[in-house]
Amino acid sequence: MSTIPENTANTEVIEFDVRTDEMLVNMGPQHPSTHGVLRLVLRTDGEVVSEVTPHLGYLHRCAEKIGENLTPRQWIPYTDRMDYLAAMSMNLGWALCTEKLMNLQVPEKARHLRVIIAEMQRIASHLVGMGAYGLDLGSFSPFLYAFREREKILDLFEEACGARLTYSYLTVGGATADLPPGWLQKCEAFLDQFLPVIDEYHALLTTNSIFIKRCANIGVMPADMAISYGCSGAVLRGSGVDLDLRRDGEEWYTNMYDGYAFEVIVEKEGHYPNDHVYPPVPPEAVLGDCWHRFYVRMLEVRQAVDLVRQAIDRYSAASGSYGEPVKLAEKLPAGETYLETEAPRGQMGFYIVSDGSPIPWRVRARSSCFCNLSVTSELCRNTLIADIPAVVGSLDIVMGEIDR
Amino acid sequence: MSQFLINQLGLYPLLVQALMAMLTASLILGVIAGGSVVFIWMERKVAGRIQDRLGPTRVGGKFGWLQTLADGIKLLAKEDLRPEGADALLFRIAPYVAFCASYGSFIALPFATGWVGLDINVAVFFVVAVLGLEVFGVILAGYASASKWSLFGAMREAAQVISYEVPLGLCVVIPVMIAGTMDLTKIANLQAGWFTNWYLFHDPFAFIAFFVYYTCALASVNRAPFDLAEAESELVAGFHTEYSGLRWSFFFMAEYGSMFLVSALGSILFLGGWNGPIPLAEWVFGQHASGLSGFAFVVANLLGLTVFMSKAVLCVTVMMWIRWTFPRLRIDQVITTCWKYCTPISAVMFVGVINWQLLGLPNGSDLLPHHQLGVRQLPGAVREGAFGKNQLMPQAQSRDEKSARHKEALPAPLHAVSDRGES
Amino acid sequence: MGEQNLVSRLQAKFGSKILDVQLDAIDPWVEVSAEGLPEVCQYLHDEPDLKFDYLSCISGVDYFEPDPKKAAKLIGKPRMEVVYHLWSVTHKSSLVLKVLLPRWKGEQEGSLPDVPSVAHIWRTADWHEREVYDLSGINFTGHPDLRRILCPEDWEGYPLRRDYQMPLEYHGIRCR
Amino acid sequence: MGEINGHAILFLFFGILTCLFSLAVVFSSNVVRMAFYLILALAATSGLHFLAGADFVGAMQLVLYVGGTLVLLVFGVMLTAQNPFISLRTAGGDWVVAAMVGGILLVILIPVAFQVGLPPTEASQLGGRADREAVTSTDPVSVPTATRIGLGLLGVPGDDVSGYLLPFEIISIHLLVVLVGAAYLARAKRRVTVRDTPGTADV
Amino acid sequence: MTEILTSPVGLTHYLVVGAVMFVSGVVCMATKRNALGVLMGIELVLNGANLNFVAFGSNFLERNPTYQLGLDGQIISLFVIVLAAAEAAVALAIVLNFYNNHLTVDVDRADELRG
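Protein chains in written order, with this note's numbering: chain A, 4 to 407; chain B, 0 to 422; chain C, 2 to 177; chain D, -8 to 194; chain E, 12 to 126.
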């Protein structure tokens, strides 16, 4: 309830009903809906938030500094701990970046294996994003429904690599091991039972009228703003920007999806691809609002299921090695390269500079959530307190990735 | 019983009165405390089942019966924290204010014919009034905590409860108007017989009014999707952010107590109270419970109590179901729901029921043939009495005529019972 | 080749502000002088057939080897590089800009080298520049709100510099 | 005399509570606590109403006064509180003046109370007899008043109530006017200078 | 002292409580400089008067039958309650308005009209 001295230098005159005092409120770092240790300082006037200032760094471990002392394969576990909800995608991004520097093509089988794993990870990650978003809006049950399905994916991952959260599975040169026998059948069985569950999620959240009331037309982000802030992933596509690195990215990355049939989930002329099979967009929703961001994520889950099915076919048909990892202290060629991949939360970029020794000179991780979060203060200006969890939740951030 | 104590044991009447009062008070306390223990356990089980989990399974056997008790003991053992900047007196007293309001309204709530703490003839009014006081506990807690989140919760609660009292009151008045009395016992007994006699099925307006009532009741006891005062994803825990241990559990008891109370009130007003869907007691005993005496009365009342409890618990369960299914509304949407939807709808229902009564349109009790066991005629008689033409346009009458009419307006058995209820 | 064409255009337009071009690298890059950076960026951002409207990343790289025996080998003379990875959503093309700076302004230890901020061109540069300032110690002139972002406000030193020494303790907490 | 009277005990309980909390309102310097004590005083008053057989008025007191008016009041306190626990000290002089006024009023009122409320003389005992029975019976609130009050408000005069249709209607209109007026007053727009938020550099 | 417990409750009892409330209210109005405090004083005064109305109208109190108000007392007290609610609403609106203009609720500061 501390009153804030008015700054007379930078003022504008607006009309007020009842004059109330402004107060500064700390939301986080210990707050149920800031997804970890984000701290938002809100300047509020009653329920209306006039300014939001994010404060980061509570989970900062300076992974980039650590990377300057390890070989790329040794750094893989550190990438796990960035976006810990999509550790496979982090592994993949870093592995691809290092391979690009080394100009190392992985075998065909490894390519499809990576697609299977990356898309399964996308499903798992979006499930958490969806469940946590429901939680942010006060709906608890979808969270557990989401975790129920995610557990099944984690079981599959555990079978493949022995870990359930920080896998270090995809690595430079391919993967640490081949998929165990029978894994593909289990995976297919999971997909078969998972597809109808998606409709349940739609029924519980996407089409729920309270849910729509809470996130339609809230936190609207126009396309040019999203681009300017460097937003990516569902946040960018939810604003109607047709960009998916799996299709539009660098060749080194898009080669992985070469031959796969998929459409980028983005609204074009008022329609999403194949939207006749999904619940319709409610009339209240505006392109770029929280609802669209959520919806894009939900459609990507469905898309990922298709991609995994395609990948399973190709993987079964492919012969040869699953991609043996390179030596732990493999020498890197001198030079530098940067590669962005489409992780579940957006474009995850890695930058590696090498002086020719096995240990990189400099590594850099470009976090998608970091950029996505930077838009918060813009989106939350002059909203209600209850909208802040709605907006921040729709950005689907993971603090481990933001703070690195 | 008190007569027995006075006459047979020669006890001092005042002492007997005090003893009886304490007995009643502790019975009600038992209902509210035991009720919240059961409801908290139920909430966990219901939530668990809704969410594909089992809920508590360990403490006290397979179904985790004693989980709440274990938690209660844990809460008792917890440190009673008070924020440094808090207003000590108000901070300490707020949970008890909330609890007392919830508890106080139970005094006038009948559980079966004659089984009521205090038979007030404006019971409906009293219950709604005292329940409304719970908001003070919340406001004081939020204000005294010296926490911004608590203050937000308190402000939301104040705005919300004040707003929802309007449609809630309008909906409560509808059955009162149909029955012509504010005495809850009488209202319930007037719905005896087949389920078509319940005021829920009285006419289409009353039917809709029940759902409006239920929505407003949800809002006034702060249950999801209207649990704005403690919205955990926005306000951490709202008004009870700074509370721990026993004081916190008092808020919890108050919440579950009020949940049960509004459910019970709803079932008395709209769902026939302790009257089952079929006139079972009448078939067995040949008469409605209110006309019985002695052992048969107790048996019939126990049956009624079971029916009443099941209805109330069913309503509570639906509240839980709603809580674990829906997202939470935003504060402006909550207020909008009240003023733009609930209030106009309940006003229209109110006017609709008035006109239905005035025009003498057929009501729900005409759907099934009246069974011929005597009690069925009573509600009709009361309706005549309360809403007959001579009542709306009365002439000056002498005192005798009037009191005579009042006498006849009330079914004789009810007189008998209300007398017995006191003894 | 597209890059060749682009580079010639830039050289023709900005002349001496384009200091170096490396087209043989895995990701071809263009070195821009610090003073010319906002101009070049604005041009790249606005020109309809280039339209680098998406700033992927800003990285600070410290080329300095405290150990003199290894120093001469590969990294060249001590310097700071600020690397801008640009991307065009419209044309799906990418470009790398580099700005080479002295490690300390005027070779005075402790005074940070200056680079003009590009936060007015891409808003995402706001946080990225704060991060580079925080971790690599580069002063972005004209930045609206240049504060530390990941480290605490009162942290000392710039962790991603090669000669950085972790402080022994921070507010009474042992660090190493 | 005789036995201890339950009615009297309850009256003493509520009466003392009422007086104590009224005084607490006066002597408290914290506005929120004042409001809290006021709530308790008025709730105890409603208890007195119940004891006097005015159950409808008692319930009305709870709904309207305690539930409605005081929530408004607390709301107002919160809206106008600049710092967490505002307290207003009263100057010594004010206390002296107030004590004098209060003392004089008490000196006038209490004797009047005793005079007016003198127990009935033997001659008038007949009138009070029946009521005495009611007083000492177990339940003082069993005689319904709501119906008769309702009829009275609809303008139907009864044996102990006159018709009040006109005042009732006037008050209804008055309430409506007040509602509109209060809303208008509180919502009156004014220009206020507020801080602009930084960091909005345009692209 | 025991007499008060054994004798029936009379009109006097109520009138005394009413008087105490009334005087508390008056003192409250006189001493508080906070507009809301004054408002609370008014509520106390009204309630003291209300209590008297109810007491005069009650059938349950020992009294001199000369002072019998009947149900009229209750109806008047109902009117008082309703009007008090209205009064509180208007007063609060005024207080809020005053607060908007002066950023205080101190009644001594409301002196613009002073000549």
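The set of hints was computed from the structure by calculation and includes no laboratory data. Where a beta carbon is used, it is the ideal one built from N, C-alpha and C, also for glycine. Please note that a few of the clues may not be correct.
[To be verified] Stretches of chain C that chain A covers, calculated by requiring three or more beta carbons in the stretch to come under 8 Å of a beta carbon on chain A:
#, region
1, 7 to 18
2, 86 to 100
[As the list claims (entries may be wrong)] Straight-line C-alpha distance at most 25 Å; calculated SDA-like pairs for lysine to any residue:
#, chain 1, residue 1, chain 2, residue 2
3, C, K78, C, C152
4, A, K68, A, Q313
5, C, K99, A, M105
6, B, K339, D, L55
7, C, K99, A, P35
8, B, K73, A, P35
9, A, K68, C, L101
10, A, K68, C, M167
11, A, K68, C, P153
>> Tell me the hint numbers this structure goes against, listed in increasing order.
In response: When the structure is compared with the hints, numbers 1, 3, 4, 7 turn out to be violated.
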